[in-house]
Structures are given as structure tokens and as C-alpha cells.
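K.L.:
Here are the chains, one letter per residue:
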Amino acid sequence: GAVVSQHPSRVICKSGTSVKIECRSLDFQATTMFWYRQFPKQSLMLMATSNEGSKATYEQGVEKDKFLINHASLTLSTLTVTSAHPEDSSFYICSAPTGTGFQETQYFGPGTRLLVL
Amino acid sequence: GENVEQHPSTLSVQEGDSAVIKCTYSDSASNYFPWYKQELGKRPQLIIDIRSNVGEKKDQRIAVTLNKTAKHFSLHITETQPEDSAVYFCAASGSARQLTFGSGTQLTVLP
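Protein chains in written order, with the numbering used here: chain H, 1059 to 1175; chain D, 39 to 149.
One chain only, chain H, in its complex shape:
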């Protein structure tokens, strides 16, 4: 199947700093990517939809000024957690759909575990 990578896999930062997470589609182009957040023992919650060449669409309750998304190319979307705080500690996972219509499937990146001290 298609491959989606994420970097870094794990990051520890101090409160108040910013952290950038990259999501790449390695063998296909993705005009749309999705960012999810997963707290321990909980489900995946959609944060935002990343659109190549245009602004991201954020879900209700997600602060767009805190979670900056940039989809600069057809294979790369970045999520920057600005002024991170301990409550932002979570597992961040991106996904990218490939195929069209009834053949479309979403592939997930390996996730980035963020710990804010």
C-alpha cells in the first residue's frame, strides 16, 4: 500500500516552545492530508484538514493560531504546535488519502508522540 511518513517520531520540549511535525506521502501525491490527535486510551480526533495551496480547515474547538498547518507541496504537510503546554502532550497522527471515489483509501503516518514538560 501507499506510504506516509512522519517526523519526528517522538519529541520532548519545554513549555512555551514550538514544535514542528512533518507528514510526507512518499509514493503518491496528496492534495489533502488530515491531522488527528489521540490522547492516551482515547480515540483519534480530527484536528484539521490540510489543503495544498490553500488554508487548512480546522475542526470546532481547535485553535488555528496554536496549531499552524502548512501544506507547501503535494507530498508535505507540516503541523506546528506553537507555545506548547503540557496539555498539548499527545500522539499526533497524519493521514493522506489516495485513489479516487470508491477506490479511495486513507493511509496513516506512524505518528509523533509529543511530550511537553
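The reader is advised that the hints may include incorrect statements.
[What the hints assert, rightly or not] BS3-like cross-link-like pairs, simulated, lysine-lysine; straight-line CA separation at most 27 Å:
id, chain 1, residue 1, chain 2, residue 2
1, H, Lys1078, D, Lys80
2, H, Lys1122, H, Lys1099
3, H, Lys1099, D, Lys109
4, H, Lys1124, H, Lys1113
5, D, Lys60, H, Lys1099
6, H, Lys1072, D, Lys80
7, D, Lys75, H, Lys1099
8, D, Lys106, D, Lys75
9, D, Lys60, D, Lys106
[What the hints assert, rightly or not] Label-pair restraints from in silico Cβ distances:
id, chain 1, residue 1, chain 2, residue 2, range
10, D, Glu94, H, Lys1122, 37 to 43 Å
11, H, Pro1144, D, Gln98, 40 to 46 Å
12, D, Lys96, H, Ala1060, 20 to 26 Å
13, D, Ser141, H, Thr1163, 19 to 25 Å
14, D, Arg89, H, Pro1144, 36 to 42 Å
15, D, Leu78, H, Val1061, 17 to 23 Å
[To be verified] For the chain D half of the interface with chain H, some residues (derived, Cβ under 7 Å), not all of them:
id, residue
16, Arg81
17, Arg135
18, Phe139
19, Gly142
Hints in this document: simulated from the structure, not taken from any laboratory.
The beta-carbon is built from N, C-alpha and C at its ideal position, and this holds for glycine as well.
Got chain H; can you put chain D on it based on the hints?
P.N.:
Below, chain D without anything else, positioned relative to chain H:
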């Protein structure tokens, strides 16, 4: 928006028995229903999916059924093995392509 409910939250079965996980969704426009298996600390892995144009799909020991009228779909795992132990998530999506996940089921297969 879409709302997906999943039951049960935990499920323990003896090795070799079957396991069934059920989900309901709210948006009648949803047309894609994947199931993911997630092991601790890892990404969700797609194990089977079904689209609204079919009612049932099977892949070896795994099957999924969809009832569009009732807006529910189910995952069936037969001849369970210890390596099937994981958290399973159902999800639904429509034209917007984003996935709405259920709350997850912790499946434990006892040897």
C-alpha cells in the same frame, strides 16, 4: 457532523472463538466505513473496509457487514488468535473524506 458510536469498549474472548464489534453512525451521507487495528504506540492499520454500495465483505477471518437503513456496521473476527489482541476502531466518512472514529474496542484474546 458525523457521530460514530462503538460497542463494546472492551471484549475478551477465548482463542478460537469469534469476536463481534458494532458501530452506528448518524450521517446518512457517509459512504465509506473502514476498520482499523491499533497496537500500543503504533499507527492505526486498516484491516478491512466497506463502501455503501455493498452489504458485506470478507477477507479470510475478518468480515464486515453494513446496514445502511439502520446505519450500523459490524466487524466479525472468526477463529481469534492471541495476536488479534489490540484496540479496534471503526470509522465513517463521506464526501468530505475525513474520518470520524468510534471510541474503540480493546479486544483481548485469551490463550
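K.L.:
With reference to the structure, classify each hint as holding or not holding.
P.N.:
For each hint, the structure was consulted:
Our distance criterion of 27 Å between C-alpha atoms is met by Lys1078 of chain H and Lys80 of chain D, whose separation comes to about 20 Å. Between Lys1122 of chain H and Lys1099 of chain H, the direct Cα distance comes to roughly 25 Å. Compliance with the 27 Å bound is thereby established for this hinted pair. This hinted pair checks out: Lys1099 of chain H and Lys109 of chain D have alpha carbons roughly 26 Å apart, not beyond 27 Å. Straight-line distance between C-alpha atoms of Lys1124 of chain H and Lys1113 of chain H comes to about 14 Å, which keeps the hinted pair within the 27 Å bound.
Restraint check for Lys60 of chain D and Lys1099 of chain H: satisfied, since their Cα atoms lie roughly 19 Å apart, inside the 27 Å limit. Taking the CA atoms of Lys1072 of chain H and Lys80 of chain D, the gap is near 24 Å; set against the 27 Å cutoff, the hint holds. Of the supplied pair hints, the one linking Lys75 of chain D and Lys1099 of chain H holds, its CA atoms being roughly 14 Å apart against a limit of 27 Å. Pair hint Lys106 of chain D plus Lys75 of chain D holds up; C-alpha atoms about 23 Å apart against a cutoff of 27 Å.
For the given pair, Lys60 of chain D sits about 14 Å from Lys106 of chain D by alpha-carbon distance, which is consistent with the 27 Å threshold. Taking the beta carbon of each, Glu94 of chain D and Lys1122 of chain H are about 41 Å apart, inside 37 to 43 Å as hinted. Under the hint 40 to 46 Å, the C-beta atoms of Pro1144 of chain H and Gln98 of chain D, about 44 Å apart, fit the expected range. The beta-carbon spacing between Lys96 of chain D and Ala1060 of chain H, approximately 23 Å, falls within the hinted interval of 20 to 26 Å.
For Ser141 of chain D paired with Thr1163 of chain H, a C-beta distance near 23 Å keeps the hint of 19 to 25 Å intact. Separation of Arg89 of chain D from Pro1144 of chain H is about 41 Å and conforms to the stated range, judged on CB atoms against 36 to 42 Å. One distance hint, 17 to 23 Å for the beta-carbon pair Leu78 of chain D and Val1061 of chain H, holds here, with the actual separation near 22 Å. Because the beta carbon of Arg81 of chain D sits about 4 Å from the nearest beta carbon in chain H, less than 7 Å, this interface hint is met.
For Arg135 of chain D, the suggested interface contact is upheld, since its CB lies about 6 Å from the closest CB of chain H, less than 7 Å. The interface hint given for Phe139 of chain D holds, since its Cβ lies 5 Å from the closest Cβ of chain H, which is under the 7 Å cut-off. Hint status for Gly142 of chain D: holds, given a least beta-carbon distance of 5 Å to chain H, under 7 Å.
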